[in-house]
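For the record, the sequence lines run as chains A and B.
Per numbering that gives the first Met the number 0, residue 0 is the first one in the first sequence, and the count goes up by one each step.
Per numbering that gives the first Met the number 0, residue 0 is the first one in the second sequence, and the count goes up by one each step.
Simulated from the structure, these hints should not be mistaken for laboratory data.
Be careful, since some hints might not be right.
Beta-carbon label-pair distances, calculated as ranges [to be verified]:
1) A/Leu48 - B/Ala50: 21 to 27 Å
2) A/Gly94 - B/Ile41: 16 to 22 Å
3) A/Ala114 - B/Ile80: 44 to 50 Å
No residue lacks a Cβ here, since even glycine has one placed at the ideal position from N, Cα and C.
The residues making up each chain are set out below.
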Amino acid sequence: MRMRNPLRSEADMYRFLWIVVGGFVVIVAAAVIYKWLGVAAAVIAFAALGWWLFHEPVPGAADPTKRVVSATPPGQRRVLVVAPPGTESVSVPDGAEVLVVVPALASKLEAATGAVDDRREDAEATAAALGAKLGARAEVGADDPALAAEDALRVFGADEVLVAGDDGMVDAIRERVAIPVSRA
Amino acid sequence: MSAATHVEHHDHHEHHGPPVPHYSSRIRPETLGMYLFIASEIMLFGSFFTAYFFVRVVNGTPWPTPPYHLPVFVAAINTAILMTSSASMHWATTAIKKGNVWGMRAGLVLTFLMGLSFLISQIYEYMRAGFATKDGAFPTIFFCLTGLHGCHVFVGLTILLFMTIRAFRGHFSAEHHHGVEIGGIYWHFVDVMWIVVFATVYIL
């Protein structure tokens, strides 16, 4: 469930402050007139606040997700490999500089509770094995493969992304990055 | 931006203890820290407000208990000062986002001075209140709630002081002003809490 976050930025918090001021002015004014009118005003004010937090469109929510564009320095060929934990081998183009990212895939419950240590250990083991096999740098990424690829591309400009996962993973990454994405 | 964990193959065998924490680009660690901090603050204030409602509503203690009076006028002036300080804080943040360094510095100095005025005024109000915590439940809750908020203003002033020093040392720019943004969120939060305290303790 998406909701507005009044703490998202200083500007949002400043606006929230004045909303609170407005709400309390109404409550106090109603309470001065009649005690139970003040209670009713408080109920309405808090309900309105709840509506504002949950139902008004979140700024930027409707905007299309920004796609990460990567730039490779001239004369170099760089390939980002996204390999889920358990991947044993990946074929990469000869002569290319390779970065392997292994997303620490976790279930929703594990991600929500932060119980991702085992998943990260699995990812670390895969990253270490692939790194040694390919002679490349290998990292553990976020629990979301698309996010892991996006993170990696921000620090590693690549010409293409090779995904050693299923079609769903390929499609998810393709939606988030603006460079060629294909299955490894 | 990710601070991705680099796992070189030779490091894996030397690693002991739990895995290195991972930060994804979903949320900045310092912003998450401020969220958690403010959440804990809301719970802290919530416990004090629970005591307030218990004393006033459940126990039916007169508020304020005769013969005492609440210094509403001074508190109203303080409220105006604090709201204005929020406006100057917002001005400081807006200014640095536009690259106006002197605007940010002026905004921060003004915010600090107004925050300091609030605190001094509150101390003066305490000295002239005419009651102390030993005088019953009403004074105890009054001093606890307003004192707790005063502590937060003091913390906010400390943060503002460091922000101002950093601003004059040229640490912030249009591109890098996260320190001002985070401090601003905290300062506005303190003001939001004051509105709740002022309305419930002094007015209603």
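Verification of the supplied hints:
1. A/Leu48 - B/Ala50: 21 to 27 Å: Given about 24 Å between the Cβ atoms, the range holds.
2. A/Gly94 - B/Ile41: 16 to 22 Å: 56 Å, violated
3. A/Ala114 - B/Ile80: 44 to 50 Å: 47 Å, holds
Hint 2 from the list above is the single one not met by this structure.
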